[in-house]
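Novice: The chain contents come next:
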Amino acid sequence: MPKPRVKVAWFDFACCEGCQIEMTNFGEPFVQLLQHVEPVEFREAMSEKTTERINVAFVEGSFTREADRARLEEIRTRSDIVVAYGQCAVSGGINALKNHMDDYSEAVYGKDCKRPHLDSQKALPVSAAIKVDYEIPGCPMDKAEFIRVVSQLVHGTTRVYQPSYPVCMECKRRETVCRYDDGDHCLGQVARAGCGAPCPADGIPCEACRGFVDNPNEAALAKVLHERGGLPKKWADTKSRMFAANQRGDA
Amino acid sequence: MTTRFLSDGALKQFVQALMAKGPVIGPVARKSRFVFAALEAPEDLRLDYDTTILPPKKLFFPTKQDLVKFDSPSSFSGCVEPKEQVLLGVHPHDIKGIDMSDKFYAANIPDSNYLAHRAKTTIIGSNVQKHYKHAFFGSVCRELKPQGHDMFLTRLKGGYLVEVRSKKGEELLALGKFEPASREQAAEAEAVNAAAEKNCPEKLNDTSDSVREKVRASFGSDIWNELSRDCFSCGSCNIVCPTCFCFDVQDEWNLDGVSGVRSRCWDACLVSEFSEVSVQGGSENFREERAERYRHRFMRKAVYLNDALGGPACVGCGRCSGACTADIANPTVAINTIMER
Amino acid sequence: MTCSCEKQTNGRNIFLPTLAEIVSAQMITATEKHFTLRMKDGAKFDFEPGQIVEAGVFGYGEIPLGLASSPTVKDSFELVVRVVGKVSSALAALGAGDTMTIRGPLGHGFPVSEFKGRDVLIVAGGIGLCPTRSMIRYILDRRDDFGKFTLFFGARTPKDMLFTDDLTDWRCSTCMDYHETVDRPDDRWMGNVGVITTLFKKTKDINPQTRVIICGPPVMYKFVVKELDALGIPRSNVFVDLERRMKCGVGKCGHCQINNKTVCMDGPVFRFSEIQDLEEAI
Chain A
1309 MPKPRVKVAW FDFACCEGCQ IEMTNFGEPF VQLLQHVEPV EFREAMSEKT
1359 TERINVAFVE GSFTREADRA RLEEIRTRSD IVVAYGQCAV SGGINALKNH
1409 MDDYSEAVYG KDCKRPHLDS QKALPVSAAI KVDYEIPGCP MDKAEFIRVV
1459 SQLVHGTTRV YQPSYPVCME CKRRETVCRY DDGDHCLGQV ARAGCGAPCP
1509 ADGIPCEACR GFVDNPNEAA LAKVLHERGG LPKKWADTKS RMFAANQRGD
1559 A
Chain B
17 MTTRFLSDGA LKQFVQALMA KGPVIGPVAR KSRFVFAALE APEDLRLDYD
67 TTILPPKKLF FPTKQDLVKF DSPSSFSGCV EPKEQVLLGV HPHDIKGIDM
117 SDKFYAANIP DSNYLAHRAK TTIIGSNVQK HYKHAFFGSV CRELKPQGHD
167 MFLTRLKGGY LVEVRSKKGE ELLALGKFEP ASREQAAEAE AVNAAAEKNC
217 PEKLNDTSDS VREKVRASFG SDIWNELSRD CFSCGSCNIV CPTCFCFDVQ
267 DEWNLDGVSG VRSRCWDACL VSEFSEVSVQ GGSENFREER AERYRHRFMR
317 KAVYLNDALG GPACVGCGRC SGACTADIAN PTVAINTIME R
Chain C
3 MTCSCEKQTN GRNIFLPTLA EIVSAQMITA TEKHFTLRMK DGAKFDFEPG
53 QIVEAGVFGY GEIPLGLASS PTVKDSFELV VRVVGKVSSA LAALGAGDTM
103 TIRGPLGHGF PVSEFKGRDV LIVAGGIGLC PTRSMIRYIL DRRDDFGKFT
153 LFFGARTPKD MLFTDDLTDW RCSTCMDYHE TVDRPDDRWM GNVGVITTLF
203 KKTKDINPQT RVIICGPPVM YKFVVKELDA LGIPRSNVFV DLERRMKCGV
253 GKCGHCQINN KTVCMDGPVF RFSEIQDLEE AI
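Chains as they are written, first to last, in this note's numbering: chain A, 1309 to 1559; chain B, 17 to 357; chain C, 3 to 284.
Treat the hints as calculated values from the structure; they're not laboratory data.
No false leads were mixed into what you were given.
The list that follows gives simulated cross-link-like pairs (lysine-lysine, BS3-like), each with its CA atoms no further than 30 Å apart: (1) B:Lys119 x C:Lys263; (2) B:Lys219 x A:Lys1531; (3) A:Lys1451 x B:Lys80; (4) A:Lys1439 x C:Lys35; (5) C:Lys42 x B:Lys85; (6) B:Lys149 x A:Lys1531.
Quantities reported herein were computed from a predicted structural model and do not represent experimental measurements.
Using the sequences and the hints, build the whole thing.
Specialist: Right, dumping it as structure tokens:
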């Protein structure tokens, strides 16, 4: 008898829903995955909603309004496994760029800035509100990693190996010409690997969209970005805020 | 030892003949750098390269290599399917690196996942025509001479002096228009190779033995903290090194959740997960500080493996120096600093 | 010139395991599972006490485990898995009749010949009892080959005590001098409380010629060695059993390297005098 399909649902919070879009770009592996999972709620791809028990809940987006806490808790209660996917959900992501400022609201929304639906607090990872079992980082999350993690989860693995080393390792393994050798800058030295380093291979500096490795040498990064990468001092100091604002020493 | 001369035109024809028999891997341009890659045309071959991003060990020990395929918990098979290949244009110090990995993988319990690929590879070396900016092969590992190659080419005016180094190499002579070489040409080639060693842009100031002793004695010194202050623990110095052999092993399932593959992937002792004792992200790590990991690499290069490999586990290619964005991996800087203290 | 590999065979695929069938399996603490196994092809599995195997499940991976049974038992062998990570969880999910993969035996075990005819002291802390059990059982099965046999075992709490059937036997055994302690007692614990070194006060007549085995958490080693120094036991007669992550188990992957030694090939059992000055060893 075939195993019953695992019930999965997707939920989004403060984000661009780009990771959900990325998922619909999967093609063949996603179709294969559907033999093992049954989507019960997926806003970007289907209109049905559910209130039933969920085996695996995928949560996208950062936790940036206290009002979202109850909804997150409700998802947690209904789900066996909660997977935070995409960098917003994993670390607060690009939304956390606002965390070190208090004057962004007016700059962004102008005279509407005081309207109640625009109220928000610091952008935090989903794990700041509820227990998260697995994290799939990246902006957007990496399709191959998603398939790898999920295929292991649905087959009963309790832990999934994800590299904790930096992107430099992956660039070197695929013999990408270092951005610094091309007179550019890059954040690969402190960026969490697992994506396979596609950006530097295309001549684009790594922006650390999967966040930092566990013990990033931030002082050395600022120094190298300035001295070798040619960024102005202030920019070099703040460069890693784009995706790692909540992981920086000054968070 | 047979010596021949191969004109520039004849080299092209020789490479074409090799390519007709099977894959020929040689240095080719990639943006501002070079890599060893299968030649698509003889013109791709760049024997005037300075160095490649990765050393040629990747031909026998791929960055990711399948080891065991499994169909169920109890049905599995090995993945060693070596194919004949020619590795063309390896610099003498990189041949020493290959000699060391040969020794390492053949020692104690020999590993067919490496050795079977190695045995099917014909290696044609070539002289250093242009130095990599960090090369220091003239002042390190001088106790070893390049061994495991079949033929060696040295650039002379209008062509190459060809030295046959094995029976396999002798057989290659049938594939090209090799001319007799004069005594003068042989002498010239010798001078060219000696000059390449002498003219390295960087150098170690001391002998392997004195380096070994002093570096070992400095184990408890503060100097490692000093030298590694800007270290990212990124592992780049490991990955580009011809004498780094460490790897991780991971299983991956296919989507069916039953079949899959166990493979190994180049690992790096500079990254913190390398020295974790049991579970990933767990509390025990026997080289927890980045200075300890930085030190371990230098110890492995200058001290730990010397007896097993017959010399220091460093051939002076300078790849690590160039790969380190923080510019703290350069052995000539680090080791010369330690020696001066 | 020939490369060194041409002179040899091409070796074998060192990653191909053999299959072992699980004869029995039971949780013996909240986190440890005890397996009895038999090689599937019926092949004999010979090893030295203290040697290790790489035990695995395809799709998850392999982990190094010390053999927990004596080689005097010929038709089966035993392993204990502590559930901490991906592979150990997968192994612990297996039960009787299931299959696990085995590579080994690997490394060097206890040098039994050096122990023969001598008094023996084994100091085991926590899960350190598992690999030393191969030697304990060996000594008990070949009792006449050894002199006085003393065993110290320490656990964090009574609930963490492994092999409780063995412990019951050992407590009243006339073949050995067994002492135990826990760091934190529960209501029913009647025995000794305190770190393992407190047991040195419980026994007399540990002569300086005694051969000693220490296995336990790293922090334990230096305190136990201090006691042994006081007893006049040379450090060359003290053996320790080290734990490291190992990927290959045959000296290639580099993960268990400390100085110029690999725990999988040169160990896991080391003479204490040989590693006492090796930084990163303990």
